[in-house]
Amino acid sequence: MSSYWWQCNTCEIAKPFNEVSGSTGIVRFIRNVLLASDWDQSKLVVKCPKCLKPTLRITYDFPRKEGRVRHSIVHIVGLALNDAYYLPMMWETQPSTDKSTWFDFKYINGNSIWGLNKPAVFNRAELKKLFQVYEQKCGGGLFP
Numbered sequence: 001m002s003s004y005w006w007q008c009n010t011c012e013i014a015k016p017f018n019e020v021s022g023s024t025g026i027v028r029f030i031r032n033v034l035l036a037s038d039w040d041q042s043k044l045v046v047k048c049p050k051c052l053k054p055t056l057r058i059t060y061d062f063p064r065k066e067g068r069v070r071h072s073i074v075h076i077v078g079l080a081l082n083d084a085y086y087l088p089m090m091w092e093t094q095p096s097t098d099k100s101t102w103f104d105f106k107y108i109n110g111n112s113i114w115g116l117n118k119p120a121v122f123n124r125a126e127l128k129k130l131f132q133v134y135e136q137k138c139g140g141g142l143f144p
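Counting from 1, one number per residue, gives the positions in the sequence shown under this note's numbering.
Be a bit skeptical, because a hint or two may be false.
[Claimed, not checked] Derived CB-CB ranges, DEER-like: (1) N18 - K53: 20 to 28 Å; (2) R124 - S100: 34 to 42 Å; (3) K128 - K65: 29 to 37 Å; (4) R68 - F105: 14 to 22 Å; (5) P49 - N123: 38 to 46 Å; (6) C51 - W114: 29 to 37 Å; (7) Y85 - L52: 35 to 43 Å.
Source of the hints: derived by calculation from the structure; they are not laboratory data. Every residue gets a Cβ at the ideal spot worked out from N, C-alpha and C, and that includes glycine.
Build the full structure now, drawing on both the sequences and the hints.
Right under this line is the structure:
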């Protein structure tokens, strides 16, 4: 399985990324589906072909080496700054180890996946705006 795939949180069936989303990978999905839909969060959950429940989510392991924890993506929001070539994002994920949520700050440059393994950096105004986008798109009320 590649670095990102779709996995059902109920029956745990795993599907290749492009088979479920029609996108060649996570970066294309973010740019062509999420960003293009103004961060429509409904695009992040799909009906499972096996159990027929809407619990198929994008999944990845972090960290990639020792001590791996499997994460299901709950929300992704980002800031299209300037020409949107640099796209910093905040991912809300749920680890398979418990019911807590983690916030993972990532970025992409163009169509490169490289930034998804590096932390995004925000100034105070950008971070405030990112939290506002999260509140608006994810319906979570005020961010902590």
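For each hint, the structure was consulted:
1. N18 - K53: 20 to 28 Å: Hint holds: Cβ distance 22 Å, inside 20 to 28 Å.
2. R124 - S100: 34 to 42 Å: Check failed, 26 Å falls outside 34 to 42 Å.
3. K128 - K65: 29 to 37 Å: The hint (29 to 37 Å, Cβ to Cβ) holds, given that K128 and K65 are roughly 34 Å apart.
4. R68 - F105: 14 to 22 Å: With Cβ atoms ~19 Å apart, the hint holds.
5. P49 - N123: 38 to 46 Å: This hint holds: roughly 43 Å between Cβ atoms.
6. C51 - W114: 29 to 37 Å: 35 Å Cβ-Cβ, so the 29 to 37 Å window holds.
7. Y85 - L52: 35 to 43 Å: holds (39 Å)
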